[in-house]
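Note that this note's numbering gives residue 266 to position 228 of the sequence shown, counting from 1, and the numbers run on in steps of one.
Hints are supplied without guarantee of correctness; some may be wrong.
[To be verified] Derived pair list, reagent style DMTMM-like, types lysine to aspartate or glutamate, alpha-carbon separation capped at 25 Å:
id	residue 1	residue 2
1	Lys580	Glu645
2	Lys313	Asp330
3	Lys165	Asp196
4	Lys387	Glu343
5	Lys300	Asp342
6	Lys434	Asp533
7	Lys248	Asp112
8	Lys172	Asp206
9	Lys590	Asp533
10	Lys248	Glu117
11	Lys113	Asp196
12	Lys374	Glu426
13	Lys434	Asp460
14	Lys374	Glu571
15	Lys165	Glu492
16	Lys374	Glu617
17	Lys253	Asp196
18	Lys234	Asp250
19	Lys234	Asp112
20	Lys165	Asp206
21	Lys292	Asp238
22	Lys234	Asp54
[Stated by the list, open to error] Each pair of labels, with its calculated beta carbon distance range:
id	residue 1	residue 2	range
23	Tyr375	Ser399	14 to 20 Å
24	Leu201	Pro348	33 to 39 Å
25	Gln282	Asp383	34 to 40 Å
26	Pro367	Tyr556	47 to 53 Å
Keep in mind that the hints were calculated from the coordinates and are not lab data. We put the CB at the ideal spot given by N, CA and C, even for glycine.
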Amino acid sequence: MYAQSIRNVAIIAHVDHGKTTLVDQLLYQSGMFRDEELEKLAGGEHGLIMDSNPLERERGITILAKNCAIQYTDKDGREYKINIVDTPGHADFGGEVERVLKMTDGVLLVVDAFDGPMPQTRFVLSKALAHNLKPILVVNKVDRPDSRPDDVVNEVFDLFVELEANDDALDFPVIFASAKEGWATMDLSKPNNNLKPVYDAIIHSIPAPKVDPDKPLQMLVTSLEYSDYVGRVGIGKVFAGRMQQGQPVTVIDKQGRHTQQKVVQLYEYERLGKKRAEEVQAGDICAVAGLDPVDIGDTIACPDEPLALPIVAIDEPTMSMTFQVNNGPFAGQDGKYVTSLQIRDRLDKELQTNVALRVESGASADEFIVSGRGLMHLGILLENMRREGYEVCVGKPQVIIHVVDGVKQEPIERLVIECPADCQNAVMSLIGTRRSEMLRMDSKSGASDYVHMEFMIPSRGLFGLNARVLTATQGRAIMHHTFERYEPMRGSIPDRGAGVMIASETGTVTAYALDALYERGFFFVRPGDRVYEGQVVGEHCKDNDIVVNATKAKALTNMRTSSKDDAARIRPARIMSLEAHLEYVQHDELVEICPNSIRLRKRLLREGDRRRAARLGVDAVMRQ
Numbered sequence: 039m040y041a042q043s044i045r046n047v048a049i050i051a052h053v054d055h056g057k058t059t060l061v062d063q064l065l066y067q068s069g070m071f072r073d074e075e076l077e078k079l080a081g082g083e084h085g086l087i088m089d090s091n092p093l094e095r096e097r098g099i100t101i102l103a104k105n106c107a108i109q110y111t112d113k114d115g116r117e118y119k120i121n122i123v124d125t126p127g128h129a130d131f132g133g134e135v136e137r138v139l140k141m142t143d144g145v146l147l148v149v150d151a152f153d154g155p156m157p158q159t160r161f162v163l164s165k166a167l168a169h170n171l172k173p174i175l176v177v178n179k180v181d182r183p184d185s186r187p188d189d190v191v192n193e194v195f196d197l198f199v200e201l202e203a204n205d206d207a208l209d210f211p212v213i214f215a216s217a218k219e220g221w222a223t224m225d226l227s228k229p230n231n232n233l234k235p236v237y238d239a240i241i242h243s244i245p246a247p248k249v250d251p252d253k254p255l256q257m258l259v260t261s262l263e264y265s266d267y268v269g270r271v272g273i274g275k276v277f278a279g280r281m282q283q284g285q286p287v288t289v290i291d292k293q294g295r296h297t298q299q300k301v302v303q304l305y306e307y308e309r310l311g312k313k314r315a316e317e318v319q320a321g322d323i324c325a326v327a328g329l330d331p332v333d334i335g336d337t338i339a340c341p342d343e344p345l346a347l348p349i350v351a352i353d354e355p356t357m358s359m360t361f362q363v364n365n366g367p368f369a370g371q372d373g374k375y376v377t378s379l380q381i382r383d384r385l386d387k388e389l390q391t392n393v394a395l396r397v398e399s400g401a402s403a404d405e406f407i408v409s410g411r412g413l414m415h416l417g418i419l420l421e422n423m424r425r426e427g428y429e430v431c432v433g434k435p436q437v438i439i440h441v442v443d444g445v446k447q448e449p450i451e452r453l454v455i456e457c458p459a460d461c462q463n464a465v466m467s468l469i470g471t472r473r474s475e476m477l478r479m480d481s482k483s484g485a486s487d488y489v490h491m492e493f494m495i496p497s498r499g500l501f502g503l504n505a506r507v508l509t510a511t512q513g514r515a516i517m518h519h520t521f522e523r524y525e526p527m528r529g530s531i532p533d534r535g536a537g538v539m540i541a542s543e544t545g546t547v548t549a550y551a552l553d554a555l556y557e558r559g560f561f562f563v564r565p566g567d568r569v570y571e572g573q574v575v576g577e578h579c580k581d582n583d584i585v586v587n588a589t590k591a592k593a594l595t596n597m598r599t600s601s602k603d604d605a606a607r608i609r610p611a612r613i614m615s616l617e618a619h620l621e622y623v624q625h626d627e628l629v630e631i632c633p634n635s636i637r638l639r640k641r642l643l644r645e646g647d648r649r650r651a652a653r654l655g656v657d658a659v660m661r662q
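Build out the structure end to end from the sequences listed, making use of the hints.
Laid out in structure tokens, this is it:
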């Protein structure tokens, strides 16, 4: 049977444990590509083939799940087709992991030989076990001088037991590898120079798809692409029957509605792309063009016997943010898409492929409530919109509260921090004010100078925490978190401790003005930057907001010349990333995101309006 020659496997791991590097090396060593062809595809400094999105290459993380297919011949001469799905490792993109696991029959669990299992390791492994997928453990980066592979294997086994894995899952093969160097071995005492053990483990440990080619057609759409030529392209695995180009099909949506359609074009995966196919059999992963409507979670079925497959279950969002039209003084000067209709159309387009995203109407026609899995999840969306030419203002992120039996419940996350022992007290002091609960604290085996700490912390307690932890540890701490569960609200958490400096005038920032404000704090702007009334230009050294004139120029006389500006005292401006702005913003502020600039501003730009609102208690209303 054709399905016996197919292996569908997903690569899962915590962020930065080497998943994508491993996939790239598997491609290099497959013999299906010329080296120069892959080098061209890798391009740039990032050098990873599968991370083809510009943001992925800039940040060094995987954001979107991707498919590729490798032909492999074993030692007995049998040929296999290995469909590989590379998945994101960051917790905020867990929705990508959840939906694609439905296409696979096994997973390669990649774990760093020093870090061991981390929060996202737990998350992706729990999802794989829930789908009864066969795991293969790849202990990566064993070439690191501080690697501790044996300890990591034991820690992973303990994690399997904690997640109540069955006996079959507990009997997982273990491969030691250096994806960067391109080798793997089942026994560290027997070195190797290639990744053949990984191929062999996939062939012999991952089961063939359990499908029936003689039953009526059933295919589950787990991903979507869009083509300017053929429109929507549904991607998924054929669970039963076979699909042919031009055949009539029934599309069953998540509400159970049936539409009669026709397969216009059919593709199967080959190497890094797709090729036209006349027929795709049960067990294979394919792409179907010409179906409209079609969405993630829909079933493509035989018209004579249309039977729906179980819907892809995705964890609900835990965080929301208000998107609104940019109404600042500089609105429309930077972007191409500035209206509420254009923003709505862009969000609707994102909903077609971003399964973990939710969009609702806001308090006005110019506002939209966008919900996602975390700050990075929403931040990546905003960064993409910014690069596409959109202007948008966003408010302070809010966790999504559930009410169960009249009790308010909030999302709780598992937080892992690894830091030098001499920074332990500073980190504990920061965590202690955020309603956290310590789970464990111990020295990391193989690294006596590092302390491993785990906490349960409210999601709202993470706002601004990363920057503070990095500051307290001189950038030496490693911090990761992932959603765990909902619990009753844990009480108040202090907001940003410092006040801000607010521009009183519209104009150009001068060195003379910043010099006069030198003792008041530090700035987010530099001389020559344009600012407007109500824009936040810096952080005050005290806990109250102050209004400052950052555009004040020196009155010139025969004795006082502009050249004396050269002696002005100016601290380097604090230039924050988009995610840092989202962590920093407060309830009475907005982040103004434009193609060429990101600004922080007050919701009410005029000082008189802010004072009037304070008297009326508007700020308190905003916080509720």
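Consistency of the hints with the structure:
A hinted pair counts as satisfied when its Cα atoms are at most 25 Å apart, and lysine 580 with glutamate 645 qualifies at roughly 19 Å. Note on lysine 313 and aspartate 330: the hinted pairing holds, with a Cα-Cα distance of about 21 Å set against a maximum of 25 Å. For the given pair, lysine 165 sits about 17 Å from aspartate 196 by alpha-carbon distance, which is consistent with the 25 Å threshold. Between lysine 387 and glutamate 343, the direct Cα distance comes to roughly 32 Å. Violation of the 25 Å bound is thereby established for this hinted pair.
At most 25 Å may separate the alpha-carbon atoms for a hinted pair to count; lysine 300 and aspartate 342 meet this at roughly 14 Å. Of the pairs offered as hints, the one joining lysine 434 and aspartate 533 holds, with about 11 Å between alpha carbons and a cut-off of 25 Å not exceeded. As the CA atoms of lysine 248 and aspartate 112 are separated by approximately 21 Å, the hinted pair is consistent with the 25 Å bound. Between lysine 172 and aspartate 206 the alpha-carbon distance is near 8 Å, which keeps this suggested pair within the 25 Å criterion.
Taken as a hint, the lysine 590 and aspartate 533 pair is broken in the structure, with Cα atoms around 31 Å apart against an allowance of 25 Å. Of the pairs offered as hints, the one joining lysine 248 and glutamate 117 holds, with about 19 Å between alpha carbons and a cut-off of 25 Å not exceeded. Simply put, lysine 113 and aspartate 196 have alpha-carbon atoms about 34 Å apart, too far for the 25 Å limit, and the pair is violated. As the CA atoms of lysine 374 and glutamate 426 are separated by approximately 8 Å, the hinted pair is consistent with the 25 Å bound.
Proposed proximity of lysine 434 and aspartate 460 is contradicted: the alpha carbons are some 34 Å apart, above 25 Å. With a C-alpha separation of about 24 Å, the suggested pair lysine 374 and glutamate 571 falls inside the 25 Å cut-off, and the hint holds. Between the alpha carbons of lysine 165 and glutamate 492 the distance comes to roughly 21 Å, so the proposed pair stays at or under 25 Å and holds. A hinted pair counts as satisfied when its Cα atoms are at most 25 Å apart, and lysine 374 with glutamate 617 qualifies at roughly 23 Å.
For the hint pairing lysine 253 with aspartate 196, the CA-to-CA distance comes to about 41 Å; that exceeds 25 Å, so the pair is violated. A distance of roughly 30 Å separates the Cα atoms of lysine 234 and aspartate 250; the hinted pair therefore is violated under the 25 Å criterion. Using a Cα cut-off of 25 Å, the hinted pair lysine 234 and aspartate 112 holds, with the two alpha carbons roughly 9 Å apart. Simply put, lysine 165 and aspartate 206 have alpha-carbon atoms about 16 Å apart, close enough for the 25 Å limit, and the pair holds.
For the proposed pair lysine 292 and aspartate 238, the alpha carbon gap of about 38 Å is over 25 Å, so the pair is violated. At roughly 23 Å between alpha-carbon atoms, lysine 234 and aspartate 54 fall within 25 Å of each other, so this suggested pair holds. Judged by the Cβ atoms, the range 14 to 20 Å given for tyrosine 375 and serine 399 holds: they are separated by roughly 19 Å. A hinted range of 33 to 39 Å is violated for the C-beta pair leucine 201 and proline 348, which are about 22 Å apart.
Against the hinted window of 34 to 40 Å, the Cβ-Cβ separation of glutamine 282 and aspartate 383 comes to about 35 Å, which satisfies the hint. Between proline 367 and tyrosine 556, the C-beta spacing of about 27 Å breaks the proposed range 47 to 53 Å.
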